[in-house]
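Asker: What follows is the residue order along each chain.
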Amino acid sequence: MAEPASVAAESLAGSRARAARTVLGQVVLPGEELLLPEQEDAEGPGGAVERPLSLNARACSRVRVVCGPGLRRCGDRLLVTKCGRLRHKEPGSGSGGGVYWVDSQQKRYVPVKGDHVIGIVTAKSGDIFKVDVGGSEPASLSYLSFEGATKRNRPNVGDLIYGQFVVANKDMEPEMVCIDSCGRANGMGVIGQDGLLFKVTLGLIRKLLAPDCEIIQEVGKLYPLEIVFGMNGRIWVKAKTIQQTLILANILEACEHMTSDQRKQIFSRLAES
Amino acid sequence: MAPPVRYCIPGERLCNLEEGSPGSGTYTRHGYIFSSLAGCLMKSSENGAPYRRCGALSHHTLVVLISLGCAADPRGGKLGQKQMRTQYPIPAQLSPALPVVSVVRETESQLLPDVGAIVTCKVSSINSRFAKVHILYVGSMPLKNSFRGTIRKEDVRATEKDKVEIYKSFRPGDIVLAKVISLGDAQSNYLLTTAENELGVVVAHSESGIQMVPISWCEMQCPKTHTKEFRKVARVQPEFLQT
Chain A
1 MAEPASVAAE
11 SLAGSRARAA
21 RTVLGQVVLP
31 GEELLLPEQE
41 DAEGPGGAVE
51 RPLSLNARAC
61 SRVRVVCGPG
71 LRRCGDRLLV
81 TKCGRLRHKE
91 PGSGSGGGVY
101 WVDSQQKRYV
111 PVKGDHVIGI
121 VTAKSGDIFK
131 VDVGGSEPAS
141 LSYLSFEGAT
151 KRNRPNVGDL
161 IYGQFVVANK
171 DMEPEMVCID
181 SCGRANGMGV
191 IGQDGLLFKV
201 TLGLIRKLLA
211 PDCEIIQEVG
221 KLYPLEIVFG
231 MNGRIWVKAK
241 TIQQTLILAN
251 ILEACEHMTS
261 DQRKQIFSRL
271 AES
Chain B
1001 MAPPVRYCIP
1011 GERLCNLEEG
1021 SPGSGTYTRH
1031 GYIFSSLAGC
1041 LMKSSENGAP
1051 YRRCGALSHH
1061 TLVVLISLGC
1071 AADPRGGKLG
1081 QKQMRTQYPI
1091 PAQLSPALPV
1101 VSVVRETESQ
1111 LLPDVGAIVT
1121 CKVSSINSRF
1131 AKVHILYVGS
1141 MPLKNSFRGT
1151 IRKEDVRATE
1161 KDKVEIYKSF
1171 RPGDIVLAKV
1181 ISLGDAQSNY
1191 LLTTAENELG
1201 VVVAHSESGI
1211 QMVPISWCEM
1221 QCPKTHTKEF
1231 RKVARVQPEF
1241 LQT
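Top line first, the protein sequences correspond to chains A and B.
Mapping to this note's numbering: the first sequence position 271 is 271, numbers consecutive.
With the second sequence counted from 1, adding 1000 to any position gets you this note's numbering.
Everything labelled a hint here was simulated from the structure, so no lab data went into it.
Computed from a predicted model, the values in this text were never measured in an experiment.
We put the CB at the ideal spot given by N, CA and C, even for glycine.
A couple of the hints might just be wrong.
What the hints assert, rightly or not - Heads up, simulated BS3-like pairs for lysine-lysine below, C-alpha to C-alpha not over 30 Å straight-line: (1) B/1144 <-> A/151; (2) B/1132 <-> B/1144; (3) B/1168 <-> A/113; (4) B/1122 <-> A/130.
Unchecked claim - If you want the footprint, here are the derived chain B segments under chain A, 3+ residues with CB under 8 Å: (5) 1126 to 1133; (6) 1187 to 1195.
Chain B with its partners taken away, still in its complex shape (with noise of 0.2 Å):
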């Protein structure tokens, strides 16, 4: 795949609005096409061939949308989903359709946990009144940069929410299945659950290194020491167990 021929940054003027039409990313003022993100300069024309030649004139008019998504900020896909959808008249001295010039990320858009996901997540603190977490997978896709989430102590288990002990449930360094309630604050972390029988601890190691055997929904036992731990277990289906 050829390299992209140059990549702009926020109000780097690309083009003149006789040279191309503009595309997501992109604004115009006073007859010139502007970059409002920062990214790589794409042109492309109708039928899906893009072709990244600064100044080409295409046959076509055409809008092209491209996504917008901000990888390192969850927030971006959210609010960054805007799409310019301009057409020009072609005036007919000017039989060249304009190509349309947008700028896009070079990452693919973000996978996001949303809300009601089923996320695999590790334990990274715990406190007396939640654990936090830091979010590896969202259903089975991994994702390129963990998101942080907060189990609080009212949403580890569906009965008896007052009487539970975070210190009983995880401990730093378990591997827990969770599911998203909420996405939090604009500060705040994604807020999870555990609160049903398939939600839980999976993986979780003892005090002395190896990996423990679940006994019970609520208790792990070492198999060299033969310690008992207190977990929240999650009941995995046994077609996802692999023994």
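This is chain A alone, in the form it adopts within the complex (with noise of 0.2 Å):
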């Protein structure tokens, strides 16, 4: 009867860690610890079974595991952080053991280097701007960062920046630009005037940025649009008419809860009209 003593022994919740090939495409949640692979042979139904050393290689190779977003190692197995469903990607050129990692849905932004975001400039103080970009801190973006900065040609209070961040970490304030390694604005600097401006969630924004993404293909063959998205979860649209921009800002934030059959539905609804 060694089962229940090793299974006690496993963890203080008295419920074993769990391998993780048997718990993808469920739920899981922060706390959770997981087996790789290789350990599920070694832990066996009992836990406690000796077994002989095996001479060849085999037994002793490590598959390498690549850790996604919100898991994180933890000895020799992989600690749940966010909630969400498991996700594994098999390798594609087969040296690895592929990548697992947790989908889960989140609204509030942590600004990461590299990401291009939409802010709103809120105040000017010194030589740089404080631009709010949904993190915990504004943003500064220094007057010179933009292409052909003169005095005359400088955002006011108030104006829609697209840039990206050159610093962003948990122990200093988020420092970005509109221009990119050479000089070049490359799209970012002021949006124009007019337009609207709504928060989605970051899920959806990456579901909109993948490439030959649908949902962008039939709003573009609906009405003509600018659309810019930022990564912070924020997007601006500006149509012909305000009624056609009100119209794309609810099916773009609607296109998060909707299968693609009634996506199609209310897209053929609209072309009627």
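Assemble the dimeric complex from its two separately framed chains, guided by the hints.
Answerer: Now the structure itself:
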């Protein structure tokens, strides 16, 4: 009867750490520990079974598994840090054990270096602007970090800015710029007049920015529009009339929860009217 | 040690000039001795035997110099070192000599970081231009109240000062050995520098919370996760390392 003893010895909560393979696609909660494939053999059903040491290399081979977002290494196991569904991707070229990550819904943005975001200029102080990007601190944007920056050619308080982060970590205030490393604007800078800015979840932005996104293609066929996506969950949209702009904003917000059939129905109804 | 007989506040009248002679922390007006500090009253005689009874007369004339340390004010030690030395001739008919009346603070004089002193400090916050620190030790003496210091970007290293990134030299929570270069203005903090081989980060923790091991003058490695992080590492002399 070694099994109950070993089960109790696994963790204080009394539940065994599960194998990552068996939990794929299921909801995991922060604090759970997951076993990687090569450890399951060692644990076994009883946990206290003794095996003779095998001399061939296969028994001690370690597969290199990549920990994606939502997971962290804890000793030999994976520790879940976000709640969501566990996903896995097989390695493309055969080496390594693939990538594990947790798909989670999140609306709150954490600045990351290199992300392109839409910010709102809130204040001028010294020779920098303070820009609200939806994070814990306003980002700073220097006067000179625009293409062709001159004294006249500057954003005002209240303008919308599309830029990227050059410094973004948990210890310092984030800094953003509107030029790339060559000094060119590359689409960044002050976003023009009119249009509507609204907020969606971060997951939807990533879905819309994926290559060959159907939603964007269908929306483009509906009305001519200008659209800017910020990785901080903000979308700016502008169409010819205010009514069209509002329709587009509502569609994009609702896209998160619609299936593709429902979406096609809505688009066809709009195209008729 | 007997508790002091009384405390006094600035402006309080202590005694008559015939009963005592003024020492440090006091001043005289209209034939009386007044206190100019907040502290405890002390009377002493020439041969250093203090007795703290109000109104007692000694047979000696003495002025005792007590240093004034203002514990909380870092400037007090420099400005307040006033030493009053007055001697009153004792008239022949008053044969007992006057005790010296002075007012002292209870705490010992504060140890202040001086220019050129090596201090141990802890980084409290960082900015792209400087790092703010709390000074904890001066030399090997701990401070009761920590002072604030600033390490500017150009004072982190001696070479390539303009290419320094504060994020790659210090992080909040690091323990740093630094040297005082300036006392700063009235409102600002001490200015510190780490622009020497022996100065810089001594203790740092990685993102997973484990104390890191230095591997070069600019990198430290976590022993558990083997991730490397950038710091400006101090080259501590071997005799100070505890292994």
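Asker: The structure should be examined with respect to each hint, and the outcome stated for every one.
Answerer: We went through each hint and held it up to the structure:
| no. | hint | verdict |
| --- | --- | --- |
| 1 | B/1144 <-> A/151 | 50 Å, violated |
| 2 | B/1132 <-> B/1144 | 19 Å, holds |
| 3 | B/1168 <-> A/113 | 15 Å, holds |
| 4 | B/1122 <-> A/130 | 29 Å, holds |
| 5 | 1126 to 1133 | holds (count 3) |
| 6 | 1187 to 1195 | violated (count 0) |
Of the numbered hints listed earlier, those contradicted by the structure are 1 and 6.
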